[in-house]
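**Student:** Each chain, letter by letter, is given below.
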Amino acid sequence: MTAKIITITSGKGGVGKTTAVANIAVSLAARGQKVVCIDGDIGLRNLDVVLGLENRIVYDLVDVIEGRCRLRQAMIRDKRLPELHLIPAAQTRDKSAVSPSDMIRLGDELREECDWVIIDSPAGIERGFRNAIAAADKVLVMTNPEVSAVRDADRVVGLLDADEKGPASLIINRLNITMVKRGDMLAVEDVLELLAIELIGIVPEDEGVIVASNRGTPLALDPKSRAGLAFQNIARRILGEEIPFLDLENHNLLQRIFTGRKTT
Amino acid sequence: MSDPIQIKGLREGLLVTLGDGPWEEIAAALLQRVTDQPAFFQGARLALDIGAHELRVVELSALRDQLSERGMTLWAILSESPTTEQTAQNLGMATRISKPRPEDARPVFEAPAENVALWVHQTVRSGTRIEFAGPVVVLGDVNPGGEIMAGGSVIVWGRLRGVVHAGAQGDEKAVVCALDLAPTQLRIAAEIAVSPQRSGKSHPEIACLRDGQIVAELWQAS
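So the protein sequences, as listed, match chains A and B. Residues in the first sequence are numbered consecutively from 0, following numbering that gives the first Met the number 0. Residues in the second sequence are numbered consecutively from 0, following numbering that gives the first Met the number 0.
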């Protein structure tokens with residue numbers, strides 16, 4: 000096996016990185032892919048909670064790096080999907096416990112173990128971010144359709160270009176089509192115009208996301224959820240399928256995305 | 000042979016001056032020095048004067064990561080090579096350090112070579128600052144949070160949404176033009192203006208200083 004390593008990052012906090020990692024990992028695993036997700040937010044771990052695996056943690060990322068356990072011992076197998084594994088973050092340490100070259104070494108070791116490694120980056124552009132992108136083959140930048148999140152995403156895209164980790168792909172999360180129609184929220188094309196990177200997913204705002212992460216059952220497991228479907232579509236695009244973007248009750252929007260901005 | 004690594008204390012941290020020679024050897028010598036004296040270097044903020052070495056992103060980011068693993072922050076790169084300066088700026092590092100003496104406190108611009116412009120063939124994203132003593136031409140957008148400080152005029156073949164300062168050393172003849180002129184803030188010489196709220200279609204515009212005021216008008220091919 001030669002896994003591809005994907006990092007999800009955003010600059011700004013609270014845009015939905017952890018939710019995205021959990022749902023994309025679940026969607027890939029549900030398609031029979033062997034997935035290892037890594038929580039890069041050392042000191043503020045969440046991914047274990049969102050995946051509902053908190054009570055199974057014995058060893059964590061820092062234990063692997065510092066040689067207190069073997070890699071496989073820190074890989075927690077998911078209770079629903081046997082192909083899904085989590086390497087949790089340490090809660091009692093901070094970002095300086097890991098270095099970018101530790102992450103590159105860990106990534107190289109994991110490449111032999113699975114099909115996909117998905118790394119959840121912490122917010123910010125400091126050490127934790129550097130660690131999270133060090134081993135990445137592909138970076139997905141996540142933003143919400145609001146000015147501050149897009150500004151931070153722009154900064155991150157610039158840093159990724161400078162580190163030759165680009166071109167990044169974009170996930171727009173928490174799009175509320177009613178607000179966009181009212182003119183109270185940035186539209187997809189506004190975000191794309193500024194960031195000018197490839198779009199890989201649009202996830203509608205969905206109350207179910209909060210319920211699901213509180214329960215520890217990612218939405219992508221729920222066939223009725225729109226947000227869950229959007230995350231499944233992202234996973235399928237990662238696998239190379241051509242999937243049209245969800246019709247968010249607005250055909251014009253859809254057409255504009257497909258035809259590109261040149262026509263407007 | 001003289002020591003290829005000179006270290007000096009600064010208000011902002013340590014200034015390390017590296018000598019000439021193959022870059023791998025110099026970098027290895029620096030890392031060796033740092034490893035030998037962990038107590039001295041631990042937690043230090045480093046500015047590196049790397050002379051004429053031409054460094055690209057791979058080399059500079061590798062050095063930054065190696066220093067960071069040893070508990071140091073590389074925050075500034077001083078170099079005679081424009082390539083290296085550009086690399087450092089791309090990686091978000093400073094390329095000049097303020098001098099502690101007040102007479103040197105103003106940013107120092109080199110004398111502009113006549114009619115030599117800086118060519119920027121990329122989008123200037125948030126957090127990127129481009130400084131140049133002469134004119135600057137950007138083929139791409141200047142996004143909000145991006146900054147251009149030019150001794151001469153600034154031409155943006157794209158959308159200008161960030162902060163731009165033309166004629167930063169006082170040249171009142173400097174102009175700023177863009178396909179879509181909507182900067183967060185626009186400065187020419189000592190004057191400052193903000194873009195008026197605008198709606199509707201954008202047109203190429205040119206801004207210049209007239210009677211001590213910044214005015215923008217539609218660009219007309221005449």
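In case anyone wonders, no lab produced these hints; they're calculated from the structure. All residues carry an ideal CB built from backbone N, CA and C; glycine is no exception. Honestly, I wouldn't trust all of these hints.
Stretch by stretch, here's where chain B covers chain A in the computed footprint (C-beta under 8 Å, at least three residues) [claimed, not checked]:
(1) 96–105
(2) 125–137
Short, incomplete list of chain B residues facing chain A, as computed with Cβ under 7 Å [stated by the list, open to error]:
(3) Ala61
(4) Asp64
(5) Asn89
(6) Leu90
(7) Arg124
(8) Thr127
(9) Glu146
(10) Ala181
**Student:** Take the hints in turn and mark each one as holding or not.
**Tutor:** Against the structure, the hints:
1. Closer than 8 Å: that is the beta-carbon criterion, and the region 96–105 of chain A has 3 residues meeting it against chain B, so the requirement of 3 holds.
2. Only residues whose beta carbon comes within less than 8 Å of a beta carbon in chain B count, and the region 125–137 of chain A has 3; three or more means the coverage holds.
3. Hint status for Ala61(B): violated, given a least beta-carbon distance of 9 Å to chain A, over 7 Å.
4. Checking Asp64(B) against chain A by beta carbon gives a least distance of about 5 Å; that is within 7 Å, so the hint holds.
5. The restraint placing Asn89(B) at the interface with chain A holds, with a minimum CB-CB distance near 4 Å, inside the 7 Å limit.
6. For Leu90(B), the shortest C-beta to C-beta distance to chain A is roughly 5 Å, which falls under 7 Å, so the interface hint holds.
7. With a cut of 7 Å, the hint placing Arg124(B) at the interface with chain A holds, because the nearest CB-to-CB distance is about 3 Å.
8. Checking Thr127(B) against chain A: minimum C-beta separation of about 6 Å stays under 7 Å; hint holds.
9. Interface restraint check for Glu146(B): the shortest CB-CB distance to chain A comes to about 12 Å, outside 7 Å, so the restraint is violated.
10. At about 12 Å, the closest approach between the beta carbon of Ala181(B) and any beta carbon in chain A exceeds 7 Å, and the interface hint on this residue is violated.
Against the hints set out earlier in the document, violations occur for numbers 3, 9, 10.
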